[in-house]
Every structure is written in structure tokens, then in C-alpha cells.
Amino acid sequence: MTARAPVLQVRDLAVHFRVDTGSLFRRDYHIVRAVDNVTFDVHSAETLGVVGESGCGKSTLARAILGLVRPQGGSILWQGEDLVGISEEALRLKRREIQLIFQDPSGSLDPRMTVGEIVAEPLKVFYPSMSRLQIRERVAGMMQMVGLSPDQINRYPHEFSGGQCQRIGIARALVVNPRLVVCDEPVSALDVSIQAQIVNLLKDLQKKLRLSLIFIAHDLSVVRHVSDRVLVMYLGRIMEVADRDSVYYQARHPYTRALIESVPIPDPVKERQRARRSLEGDIPSPLNPPSGCVFRTRCPYAIDACADRVPPLETLDDGSQVACIRHEELAEKWTREAESDPTNNQVSS
Amino acid sequence: MLSYSLKRLASAIPTLFLLITFAFFMIRIAPGGPFDSERALPPEIEANLAAKYHLDEPLVVQYGRYLWNIARLDFGPSFHYLDWSVNDLILQGAPVSFTLGLLALLLALAIGIPIGAWAAFRQNRAADYSVMSLAMVGISIPNFVMAPLLILLFAITLGWLPAGGWEFSPSRMVLPVVTLALPMIAYIARITRGSMIEVLHASFIRTARAKGMPERSILFNHALKPALLPVISYLGPAAAAILTGSVVVERIFTIPGIGSYFVQGALNRDYTLVMGVVILYGMLIILFNFLVDLIYAWLDPRIRYDEQEA
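Residue numbers (the numbering used here), protein chains in the order written: chain R, 1 to 349; chain V, 1 to 310.
All the given hints hold, so there is nothing to weed out.
Here are the simulated DSBU-like pairs of lysine-lysine, each with C-alpha atoms no more than 30 Å apart in a straight line:
(1) Lys225/V <-> Lys124/R
(2) Lys124/R <-> Lys207/R
(3) Lys94/R <-> Lys225/V
Which residues of chain V face chain R? A few of them, derived with a C-beta cut under 10 Å, are:
(4) Phe204
(5) Arg206
(6) Thr207
(7) Arg209
(8) Ala210
(9) Lys211
(10) Gly212
(11) Ser217
(12) Asn221
(13) His222
(14) Lys225
(15) Asp300
(16) Arg302
Restraint ranges, calculated between C-beta atoms of paired labels, are given here:
(17) Ser130/V <-> Ile86/R: 26 to 34 Å
(18) Ser23/R <-> Leu299/V: 39 to 47 Å
(19) Leu287/R <-> Asn124/V: 21 to 29 Å
(20) Ile86/R <-> Ser133/V: 35 to 43 Å
(21) Ser149/R <-> Thr21/V: 50 to 58 Å
(22) Leu93/R <-> Leu158/V: 49 to 57 Å
(23) Ala127/V <-> His30/R: 22 to 30 Å
(24) Glu337/R <-> Ser217/V: 57 to 65 Å
(25) Arg26/R <-> Ala127/V: 22 to 30 Å
(26) Leu158/V <-> His30/R: 52 to 60 Å
(27) Pro237/V <-> Gly162/R: 36 to 44 Å
(28) Arg26/R <-> Asn124/V: 14 to 22 Å
(29) Ser140/V <-> Gly281/R: 48 to 56 Å
No wet-lab data here; the hints were simulated from the structure. Here the structure is a predicted model, which means the values were calculated and not measured. Glycine included, C-beta positions come from ideal geometry on N, C-alpha and C.
With the rest of the complex left out, here is chain R (with noise of 0.2 Å):
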């Protein structure tokens, strides 16, 4: 890992929300921790991936980094100024600096503008003092960047494909000149074909333009693919965060493990001789989650003690960082798993 300057600093970052239980006559609650005591950095120019499943957390995670939900505590560094508790106005004009990219493409383009008018919207509130012309080549130059044809800037949403629309999104995003873009599920929503064109466009673009992305996906192979660092995350927690490398060939979280082992090895004879210890049971409601480790409930190595207290984010000495109490005999254990059969636990590219 180089020692570049962070641009983005989270710091126990908590987003909770309301959940009204009660009934008409009998005011109730429950508080669901959506995000939990979440701290981590971005570099400048690289790519974090954050995986986890359905409801862990993650899309909260990219909403609160844009002010789209008001965490309840912690801070959100950007370059040093903390971005929590200051005015709207205030975070509307770091969407100059900080935006984002969703995972549903067509449906978070305005099915009333053209795509000439949808990436120049952004220019004309954060460069009031471009020209008409200005713009104009701006936005072709943009279109053109992501792949698009600049002859199709009058064209609508409804006439594009999905992939093409999610570069659209992207045009969106990168017109303004971003330093940190947050890919929400960027792909999910497409083909797994167009995936690998939006994934690559993506990644050419980060090189091209030294941005910072943090990209969000529940598919391992595509954070593996676009990554540097990729951070883990369950039930709103953080479970691991590492070099990309090391969290696929030597992950540190029975989580990242399973979730490892769970992608499909596309060789289907090793793919049957492979041992699976996939996950049992369902994520637990986070209404009421388990105390002290959240993963306990499913974990395969979980022990009286995992019960007691959370486990810390503890920093390893390459860098690494995992919660896990446990993390040192699992380490040991699974290397010597490792050796004595080569073909397990192996994830092929």
C-alpha cells in the first residue's frame, strides 16, 4: 500500500434509522443501525470496493457520503473538513467535488431531458460563468469520453439502452470534474456483457482522470476486477478491509471467506471437486442484531466469547484490517488447510 494522503477520512460513522412500531394508540420504535461505528479512508486516485449482501449497509454508506442521509455520528473527513453537521447548502456545493453514480441507469435519468441537457445540468449550477459554447463542447467531449456518440446529445433517456444510459449517468457524473465518485451497484442492473464494458470504461476513466472511486457492488469478481482495497461489510459493520489481493487469496473474516467461497468457479470440474462451506440461515434482522460480534449467529467458528463484546477493527502489519477475535488461529488453520490440499479454497480468475 503507498502512503498516499487520504482524501476521504470516515470516522466512526453511524447512520440509524427510525422504525415506528407502534400502534395508533401506543407510540413505539425500534432503531435499525444501518451503518455502525464504520471508519475507513480513501486515497487519492484509487479504487475502494465495499461488498456485502443485500442490506448491510452499503448503498446507506454511499447516501451518507453524499449528505443524501444525515449520519447520526461519527464524521466524514473530505480533505480535511468534515462534512457532518454542516449546512445543506454548504453539501450541495461539495456534489462539485464528491458525486455519485446509481444503480438503477434509466431510472435515475429524467425521462423529460435529453442527454445534452441531463450531463449540461450539472455545468450550468457549479460553472455559471461557462458559455452556451463552452458547455456545448463540454458536454460532447464528456460524451464522447464514455463511449457515447455526440450526435445522439438531443436524443431522450427512453431511446438508449441500459448500458448506454448508465454511461450517461457516468457522462453526469464526471462532467463536473470530480475528485471522489461513489458507484452505487453500478452494474447490477445490466447485462453481465454490458457489465464488463461499464466496469472497464470505469476503470479506464479512474486511471485517466486520478479519480477516487468508491465502488459498491455485491458481485466479487467485478469489485475484484476494478479495485484496489476492498472493504467487507455485514450488517452495517465493517468486517475486513484489505488489499484486493490479499482479501481474495487470504482473507483474514470467516465472512470474506464465505463470501469468497460462495462465487462459482466458471470450470465445472473444479467447481464439484471444491469444498463449500457456504453460509447457513438468513442475515439477521437488523431491528435486533446479535450482540458482540454481529456474524456469530452464522459464523462456522464462532465460540462462547464471540457473544460478549464487538470485536475491534484491529490494523494488521501489512495494513490490513479485520474484526474478527479470532483471526489469528483461523489464519493458522487455514493455512495449514491450504497445504495439505492446494485445490481448496482457491479462487480462480
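We have chain R; now place chain V onto it with these hints.
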């Protein structure tokens, strides 16, 4: 768009034809005749009247004659208002009802849409609840209650405005226009609020927020147009209804509009007058629904009526 418009207008002709046919035979089926009164007329006079108004001919011949006259825009003599033709009655009353209705319509739009949108932005807060309860009251109070109340307050107690009568002056028009507009304001506000709330939850509004649009431009550039679609579709038939006048409001404020002809014509078995207002109303409905469709296409580029563009 032009070819679509022409097609639509052409298709209005068979619709009107069906309407005329249906209305013509319906009113003839109704018991009684235009010249019935408490005292039976001598048979000779009755025969004379029937001959004068061609009521002695077979119904099919009358129908044919009527169609032929309408094709020449002649709606015939009124059976009840002697010496008046239906054309004269409508030409004299319609501009009054139109003016009144149009003003009420504009007032309702100008007030209903902003308060509906405002309530949507304050969804489930005190402002929203109070505006919407007020709107519910506005919808529930019938105009024959509202009109006397307004007259009592503004004309009699305060003495600010005249209680009735008609001339083209603001002070005379305020009360009837307000009476007509109030339930519409309430209705439009409720529709606008509902659709606005739906639109504000759409993904593209979330995108607009995420890309850093100020709330004002989110409202005007993204949310307003789609939120207005249901209002527009309500306005088609509502405009036709309000422009043809209101019996109650015209009666209470003694306004010489055409609203009362709908009821009076039917009660008097004034065949030609009933046909005249039915045709007028039908044409307005067809016209406004056509306009609604055009406005739809303008508000939503996904709606395209010309096949070749698809």
C-alpha cells in the same frame, strides 16, 4: 404532430354523430312533450303547433331534418323560449358562462398547483395537514352553500361586493368566480400534492439531488412537469364542465349564462335546446381531451403520437 391532430379532429365527427343520434332519440323517448301544460290545449291548436315544429312527421324524418340543419349550424327554434332560436340563446349565454368559467379555471390553477406542490414539499408536517384538511373542506362544501355564505359575508355584512347581477366588471365577477373556483382549487391542490409526492420519490429526483441541484431547480426543472400530468388529465373534462356554466352559481348570482339551459331544457322538453347544449358540451369535451393529449406529449417526450417517429 399535424397529421395526428388532423386524424384526431376527423375522428371527432363520428363521435359527435353518435352523440347527436343518441341524445335525439333519448329525449324523444322521455314522456311528455314541449307543449304539455296543466290545461290541455284544444286539439286544433296542438295540431297546428305540431305542424309548425314538424312534430307531426315520422321520427326518422325529423331526425334527418335535424341532422341536415345541424350540418348547416342551424340548431332550430327553441320550443319554450318563443321567438328565440337555440343559436341565439347559446350565442348570448355562452360568452358569459365561458368568461366566468375561464376565470375560475385560471384562478384554480394559479392557486391550486402552488399550494399542492408546497404541501408535497412539507409532506406529513403541520403545513401539509392543514392545507389538505382545508382542501377537503373546500371539496365537501357544495356551491349552493358556499355561494350564499359568501354573499352573506362580502355583500351583506361587509358590503364590499354586489350580491349578484352580471356585467363585465371585477367587482361583479369576484364572488361567482371564487365560488366556482374554490372546489376546483381544493381538487387541483390534492391532485398536485399526490403526484408531486410520487415524483419526489422517483429515482431521477434523487439523482438531481445527488448531482447537486438546488431545490428550486429540482422543483422547476425536474418535478413540476411530471407532477402536472394528472392535473392536466383532470382538467380536460373539468374545463368542459366549468366553461358551460353552473346552474346553481348562475341562478344564485343571477347571471345570464347557459348553465340553467341544461336543466330547464330537459324539464320543458325543449328538444332543440337540449340538443344544442348537449352538442356544445360534447364538442368541448372532445376538444379538451384532444388538447390534454397534445399537452401530454409536450410534457413527456416518451409519448409520441405519430407512428413514423417510433
